[in-house]
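Visitor: With chain A's structure known, arrange chain B on it following the hints.
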Amino acid sequence: MSSSPIEFKNPVLKWVEYRLPVFSFIDSSVGGSYPAPRNLNYWWNFGSLAGIILAVMVATGIVLAMHYTAHVDYAFDSVERIMRDVNYGWLIRYIHMNGGSMFFICVYIHMFRGMYYGSYKEPRELLWIIGVFILLAMMATAFLGYVLPWGQMSFWGATVITSMFSAIPYVGDALVTLLWGGFSVDNPTLNRFYSLHYLLPFVLFGLVFVHLWALHVHRSNNPLGVEAREPEDFIPFHPYYTIKDLFGMGVLLIFFLGFVFYAPNFFGEPDNYIEANPMVTPAHIVPEWYFLPFYAILRAFTADFFMYWPVAWLMSAKLAGVLAMFAATLILVLLPWLDTSKVRSNKFRPINKQFFWIFVADCLLLGYIGAKPAEGNFIIIGQIATFYYFFHLVVLVPLIGILERPKPIPESISTAVIKSAE
Amino acid sequence: MIKKTLTSVLSALAIAGVVSTVSTPSQAAGGAEIPSQSWSWNGPFGTFDRAALRRGLQVYAEVCSSCHSLDLVHYRDLGNIGFSIDEIKAFAIDYEVEDGPDDEGEMFTREAKPADRFVGPFANEQAARASNGGAYPPDLSLMTKARKNGANYIYALLTGYEEEAPDGVVLMDGMNYNHYFPGNQIAMAPPVDDDYVEYADGTSTSKEQIAHDIVTFLAWTAEPELEERKSLGLKVMIFLVVLTGMLYGLKRKIWAKLH
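Chains as they are written, first to last, in numbering that gives the first Met the number 0: chain A, 0 to 421; chain B, 0 to 258.
Hints may contain errors.
Unchecked claim - SDA-like mimics (lysine to any residue), calculated; alpha carbons at most 20 Å apart, straight line:
no., chain 1, residue 1, chain 2, residue 2
1, A, Lys406, A, Ile330
2, B, Lys234, A, Gly257
3, B, Lys252, A, Met248
4, A, Lys352, A, Leu337
5, B, Lys252, A, Pro238
6, B, Lys234, A, Gly88
7, B, Lys229, B, Asn79
8, B, Lys234, A, Tyr87
9, A, Lys352, A, Asp84
10, B, Lys256, A, Tyr41
11, A, Lys346, A, Tyr87
12, B, Lys256, A, Lys352
13, B, Lys234, A, Phe254
14, B, Lys229, A, His95
15, B, Lys112, A, Asp84
Hints are computed from structural coordinates only; laboratory data are not their basis.
Isolated chain A (complex conformation):
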C-alpha cells in the first residue's frame, strides 16, 4: 500500500501544511496513510500502552516536582504533605507510584510478545536493540525515583544497589563515591538522584522516538511472522488500530486506576512509610517487584556457584554477580543473532514454543526467588534458574533454531486470513 499525501480542504490546515507538513506527518505516522498488517492481535497493544503510561508518568511527575523537596530532612515530609495537603496530591502521587509498576508490566509483556513472534529478527534488529536500551533507561529512572520519598527501602535500596559498583576493580570505590557525592548515601546522593530522575525520562522520550522511527521503516511484525507485502495484507492504521489502541487504553486504565483507588500500596513495601534511618537496617531489603528477577541473578553468584568457577581466578563472586545482572539484560541485544531460525513466529515453531514458555516460567521463578531471603533452598533454586536463563538464550535458542523443523508457513498474510475465514 503506497501512501500518497492526503489533501486538506480546510484553508487553515492547508496554510500550515504548506509551510510545515505536520498534518501529513501525523497522517503517515498514526493515520490513514500508515499501513499496518491486518492481523495484529491484542498482544500488539502493549507498545502503545507503554507509551501512554510514559506520558502519564511525565505529566504527574512534573506536578509532583512542584511540591517535592529534595533534602534528607524534608523529602519524606514533603511527600506526606503532597499526600495530605496538596489538592488531589494523593491522587497524583498514587498514579505516579503505581504508574511505574504499570509501565514495567506493559513493557515486559511487550518484550515477551516480541520474543514469541520473533519481532527482533531481520530487518527489525535495531528496533529491538533500541527497545533493550529503553528498558535499561526505564530501570535507571525507576530506581532513582524510588529513592526520592526517602523511606527506609529508598535509602537501603539505594545503598545496596550503588554499593554494587564498588565491585568493579580499581575504579569501583571512586565510582561509588562519585555516585553518592560523599562517603555514604546522603543529601548529595538524594539531590543528584532527583536531578537525574527528572533528566532520564527525556532520554527515554528520545529513545522512544528512535524506536518509533525504526518501527515506521519496516512497520509492525505480525502474529504470522510473514512479512506483509501485498496491498490486501495491510489495513490503514487509522481508524483500525487507533480504535483498537483506544479500547486497550480503556482496559489498561480500569486495571491501573483500580490499583490507584482501591489498593494503592499493593506494589509497595510498608517499610517505605518509615522515614530513612541510616542507623536501622530493615530485616529484608527487597527492590521493587520489577527488579526481582535481576536481583535474584545478582544474588545467585556466591563463591560455590558453578557458573562462578570459570571466572573465579579473575574476579570476586560479587563482581561476577553484578556483571551477570547487567548481562541478563544486555544479552538481549544479541538475540537477533543468537536465534538461528529464519522463521519468526512461534506459531510455526512447535519446539521453540515450548521452550519459550519454559523461559517465561524461569523469569517468573527468578522473580519469586528475588523476593525471598537468600538462604537454604532459595539459593540453590535461584542458581539453577539463573543458569537456565543464560542457558536458554546462549545455548538452547541457537540450537533449536538449527535442529527444529518448522511447520509450513503461509505464503502471505491475506491467504492465511482468508483461509481461516473459510
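Guide: Chain B only, in chain A's frame:
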C-alpha cells in the same frame, strides 16, 4: 497435553510470583500469625466510623500521646472527620508550642492553634529514649501503612500481651512479652487494658474496644484521603467501564467492515 500442563504450571508460578512480591516480610520473623478484624473502612465502599474516630482520638490523647508523637497530623485535620472549629480550638488549647522569635528576638511558648501539628510528648529522639529506657517510641502518623497488614497487626499487638513470658523464654530487662511482636520482646508496656479510658458515649471500655478505636483513629491518620479516594474511585470506575464498553462497540463496528 504438554501445553496444558505447562499452562497450569505457569499460572501457578505467576500467582506465586505475584503473591510473594506483595508478601515480602517487612518485619523480622518471630511473631504469631495475625488474626483479621472487621474494619469499617475495608472494602470499596468503606468509610471511617465517626464515633470510633472520636473515641480513638480520646485514647490517643489520654494514653498513647504520653510516649508517641503524631507529627504528620494537624489539629485542623480533625475538621475533616466532623469536629467543629470550636471543638478543635478547645482540643488544641491544652497543648503548648514554642513560637517566635518575637519582636525582642525571644522565643516564647503559646497555646496550640488549629494550624499547628499535633504536639508530641518529647522535644527530640534523645529525650524520648531517655524517658523510655533507651527505646524510641515511633511516630504513629503512618503506622497502619508502615507495617504489613497494618491495622490488624497493631490491633493484635495492643491486645497480644502476656503477663508472664512462657517457660523457657527469658525476657531482657524492661521488656514485655507479646505474641505478635517480631521476636516477642517489646519495650512498650501493655498500653491498653480494660477501663483505661472513660467513654462519654457509654461504649464498652474493654481492652478490645479501646484497641479497636485507636486502630480506627490511626488508620485515619495514615490514610486521611481514604474516603475521598474510594468515592472518587467509584465514579471514575463507572465512567471508565462505560467509556471502555463504548470504545469496544466502536471497535467492533469499525472492524466489521474488514471481516
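Visitor: Hint by hint, say whether it matches the structure.
Guide: Now for the hints, and whether the structure bears them out:
| no. | hint | verdict |
| --- | --- | --- |
| 1 | A:Lys406 x A:Ile330 | violated, 28 Å |
| 2 | B:Lys234 x A:Gly257 | holds, 12 Å |
| 3 | B:Lys252 x A:Met248 | holds, 18 Å |
| 4 | A:Lys352 x A:Leu337 | holds, 16 Å |
| 5 | B:Lys252 x A:Pro238 | holds, 11 Å |
| 6 | B:Lys234 x A:Gly88 | holds, 18 Å |
| 7 | B:Lys229 x B:Asn79 | holds, 15 Å |
| 8 | B:Lys234 x A:Tyr87 | holds, 15 Å |
| 9 | A:Lys352 x A:Asp84 | violated, 52 Å |
| 10 | B:Lys256 x A:Tyr41 | holds, 19 Å |
| 11 | A:Lys346 x A:Tyr87 | violated, 47 Å |
| 12 | B:Lys256 x A:Lys352 | violated, 33 Å |
| 13 | B:Lys234 x A:Phe254 | holds, 15 Å |
| 14 | B:Lys229 x A:His95 | holds, 18 Å |
| 15 | B:Lys112 x A:Asp84 | holds, 17 Å |
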